[in-house]
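Below are the chains, spelled out letter by letter.
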Amino acid sequence: MEERETILEILDELAPGADFEGCTTLVDDRVLDSLTIVALVAELEDAFDITIPAVEVVVENFNSADGLTAMVKRLVEDQLD
Amino acid sequence: MNEEKPTAKLEDTAADAATALASEPMPEADTAPAADKAAAAQAAIAPDTAAASTDPGEPVTPEGAPLHGVARVRALGKSLLTGVAFVLVGLLVLYGASRVFEPKSNGNVGGVHAAHVAANGFLGEPENSLDALFIGDSETYSAVSPVEIWKAGGAATYTCAIGGQNLTYSRTLLERALKVQKPRVVMIEGNSLFKPFDENKLLKSTIKDLFPIFERHDRWKALTPRDFFGATENDYVDDMKGFRMKWGIRPADDSAYMEPTDNVAEVPELTKSVLAEMRDMCRAAGSELVIVSTPSTKCWYTSRHNGAQAVADELGIEFIDLNTGDDAVAIDWETDTRDWGDHLNYAGAVKTSQALAHILRERYGAPDHRDDPAYAVEWNRAVRHHDRLVEKGSAMAVVGKPGDAITIMELPPLYNPA
Amino acid sequence: MTSYFSFIFLAAFLPAAVAVYAITPRRARWVVLLVASYLFFFWLSRELILALWVSTLAIYGTGLGLGALIRQRDSAVKAAKSGKREIRARFARKMKLVMAAGLLVNFGLLAAFKYLHFFASVIDGALGLVGITLNTELPVWAAPIGISFYTLMAGSYLIDVYRGTVAPDRNLGRVALFLGFFPQIMEGPISRYGQTADQLMAGHPVTRANLYAGTLRMLWGLGKKMIVADRLNAFVKPVFADYTAYDGGIIALGAVLYTVQLYCDFSGTMDVALGMGRIFGVSLPENFRQPFFSRTAAGFWQRWHITLGTWLRDYIYYPVSLSKPLKKLTSKARKRFGNRYGPLLASSAALFCVWFGNGLWHGAGSQYIFFGLYYFVLIVAGSLIEPTAVKVAERLHISRESAGYRAFQIARTLAVIVVGELFFRAEGLDAGLAMFAAMVCDFNGASLVDGSVFGVGAAGIGLDGHDLALVLAWVALMLVVGLIRERGVSITERVAAWPLPARWALWYALFLAVIIFGAYGTAYAPVDPMYAQF
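Chains as they are written, first to last, in our numbering: chain A, 1 to 81; chain B, 1 to 418; chain C, 1 to 534.
No lab work stands behind these hints: they were computed from the structure.
These numbers were taken from a predicted model, which means no experiment stands behind them.
Treat the hints with care, as some may be off.
As the list claims (entries may be wrong) - Subject to a maximum C-alpha distance of 27 Å in a straight line, what follows is the list of computed BS3-like cross-link-like pairs (lysine-lysine):
1) C:Lys237 / A:Lys73
2) B:Lys179 / B:Lys208
3) B:Lys104 / B:Lys179
4) A:Lys73 / C:Lys332
5) C:Lys84 / C:Lys237
6) C:Lys96 / C:Lys81
7) C:Lys114 / A:Lys73
8) A:Lys73 / C:Lys84
9) C:Lys324 / C:Lys94
10) B:Lys221 / C:Lys237
11) C:Lys78 / A:Lys73
12) C:Lys328 / A:Lys73
13) B:Lys104 / B:Lys195
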């Protein structure tokens, strides 16, 4: 699950101090706000060499570390050469 | 009045301030089952549109199973009855409100335009006392003075006109008048024929007649207990009998006045049908409807004469043109108009009224009431008041040049009976 | 018939439409809606309905084209063993072109109708600076009704298809109805395809509950518009038209009353629109959420003209801020300036586009662009200052959640809003600046206090004591309703549970209120719904 680890690292970097392991309401509770999301998307794209289209920027994907991991995994697979 | 969940917490982090747009920070993925999502997302908004085994709105038993046959018809009938009852009660409410808002006097009560007061002053005249009515717009109230007509021939008449009056209001006034008066002749201003007319106005006018509250709603500022509990007493009597005495001289350029032409000005179809209605109303009351055009260089020309004549022929009514022909009034356009030919001033009104008095007597057999004690008191009083105003007015007449702002001195003839 | 508020629309067109809809079999009801919508459009804009049809056909065709490309791409990717990324990129380029073509048709029409003269004058001005004068004669076209609104909806459909959020629609009728639905056509709300398309086709029956709730909501909107907004116009119009004749106090009052007028006019029209939608069983998105309770300028735009805000967010803010060049910028900036201020750079760039767009959308005039940039500056400044504000509040031991602080925030935001609307309404940017200067420098409360402001006749400006009292009463009522809604209570639901006599009484009361207190009739000049001009 290296993806998940990487993602957690990135999250910690962007919004230090928050509990990303267990939280499933990152967006609803405003742990991740719009500015952070923009930064997060940029970092994830760099880290995994994927493109995150705007249609993926939705609550379900960003509300928890698990949701992010699932999205990243899917995109990596889809966009694999 | 639909609303979403409480949002007190969804603001005010600075980062969201920066985006300024996110009520949630991200768009929601709206995929195919959008209707369900939309309906679910806005929970209790349209409960009737949730998917159900029966067509929502179809009658159901309390358990939710659909009704059939007789029970269904009965339920639908109940719905229909409720709807009808709702509408009926609503009409009743409108009617009640209209009764309250109708002014209980025809005088200068709050919320009623002074112009309407003068035009409706005939309600204060003794019943069935008037020989003729003049219905029209500002042309009419500037040109036709019932007091002058009385002085010239003893006929009792009234001018029912407001500025810019449209034909629907003319019809309303006629209806009101014919309830309490039996004039021999009703003269409608020729100018009225050529105003643009559409169904919208007609529909509105009909509704206003049915429910006067639409006309009188502004009176909320001036309601008194009398409006709620008092009876209607038309105690206001207009001294000028609807005429507006206007002074001031702005000469008209009459070089192109009534130039001959073969053009026929068009009269809207709706206008013709309303005129026909008015003609029938008059006949049913024993009156004759006549089209009369008062003198004006701006508002009247030969094509309109032709148009009015055509309408008159089509409807089988008389048309009298005071601008031209045998009935032309000898207006001196240098001295008799107050606004460069649009309307007449007092001097022009005298000439016109005298001409009309002559026509009323010769052609319509209007009697001379000057020795009749039933009329004497009121009309002599009016004449005295009138002459007093004429004295004042003559002393104040102003001559102006074209291009002057019009400053009309109108000596207020209305009194407030309080 | 000039708008939803004309007599013939309310008394004849709408009831007829509802009646025909109700007796039509379910499958065909959408046709009734479409025909009614086109009749309404034609009645208002005559032959300009062609523009609506062109837009409809353009997005229909483009949508299908995009759908074909998507299918081809997916099968190509599936079949390919390698080089998937290139395949995707290749198709993405094609799809972008197709989408751009569709968007160009739509926004090109909008530009032609709305902005031709404005762009020409801007270009003339720029060329004039270098000494070139062009004397072009541009034709003057009246714009089709609602073009600013339905063009945005058309654009959102295309972009949604491109993104795969929405499947391209083979049903031309559904696309046509989505764009042209008459309750939305004049002033929005700007809905998304996924929100309304299916609802419109469903042919929901006219139920008693919906009829009651829908007409009740319409009456509420009619009340706001006809009792408050149209009445205040008598004061607002002369003040803005002839501002040099009035002192700062009256101009300030004019700005405040205009803000009230605009809110009542626009949200009232929205109430009418949503009420009509509800009668047909269609739930349209809300456009207002008690905007004057906002604590910040940014918060205001989450509560005012909500559908425009979300449109700009989804189709300008996110695409711009998540675009490649800006993402690179964000990464670099984050390394330089940290996590707080780094993303701000890209975000501000995106925000600039949003606010410029917001301003420009409202009108072809410099005061509208000024209006948009005014909020841009305020909002960016707000987010820049935020960390400092937090620290200061801590130092001074002020709780930012206390009632006092909240009140301060709301008051401050109200001032910001009123100033913004002053510029919005002013007859040009120069007028706006002059009026603002007068408000600040020449403020003289005396004219307000001594009563000369209100009074019928030459001294007064269109409103008398009765009018003012009525406006205040209705505003108080709106405040109460707003507070109830802010707590999340659904007034519609609550009222639906009342006994029948109470429900009927409420309906009749609102109905009578509109008839009695509405600013219509011979004493008033008619006022067209204000956002219909955009």
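Results of checking the hints against the structure:
1. C:Lys237 / A:Lys73: 60 Å, violated
2. B:Lys179 / B:Lys208: Satisfied, since the Cα-Cα distance of roughly 18 Å is no more than 27 Å.
3. B:Lys104 / B:Lys179: Roughly 17 Å separates the two Cα atoms, so the pair holds.
4. A:Lys73 / C:Lys332: 25 Å, holds
5. C:Lys84 / C:Lys237: 62 Å, violated
6. C:Lys96 / C:Lys81: 25 Å, holds
7. C:Lys114 / A:Lys73: 46 Å, violated
8. A:Lys73 / C:Lys84: Status holds; Cα separation ~16 Å.
9. C:Lys324 / C:Lys94: 18 Å, holds
10. B:Lys221 / C:Lys237: Between Lys221 of chain B and Lys237 of chain C the Cα gap is close to 23 Å, so the pair holds against 27 Å.
11. C:Lys78 / A:Lys73: 18 Å, holds
12. C:Lys328 / A:Lys73: 22 Å, holds
13. B:Lys104 / B:Lys195: 32 Å, violated
Violated hints, listed in ascending order, are 1, 5, 7 and 13; each of the other numbered hints is respected by the structure.
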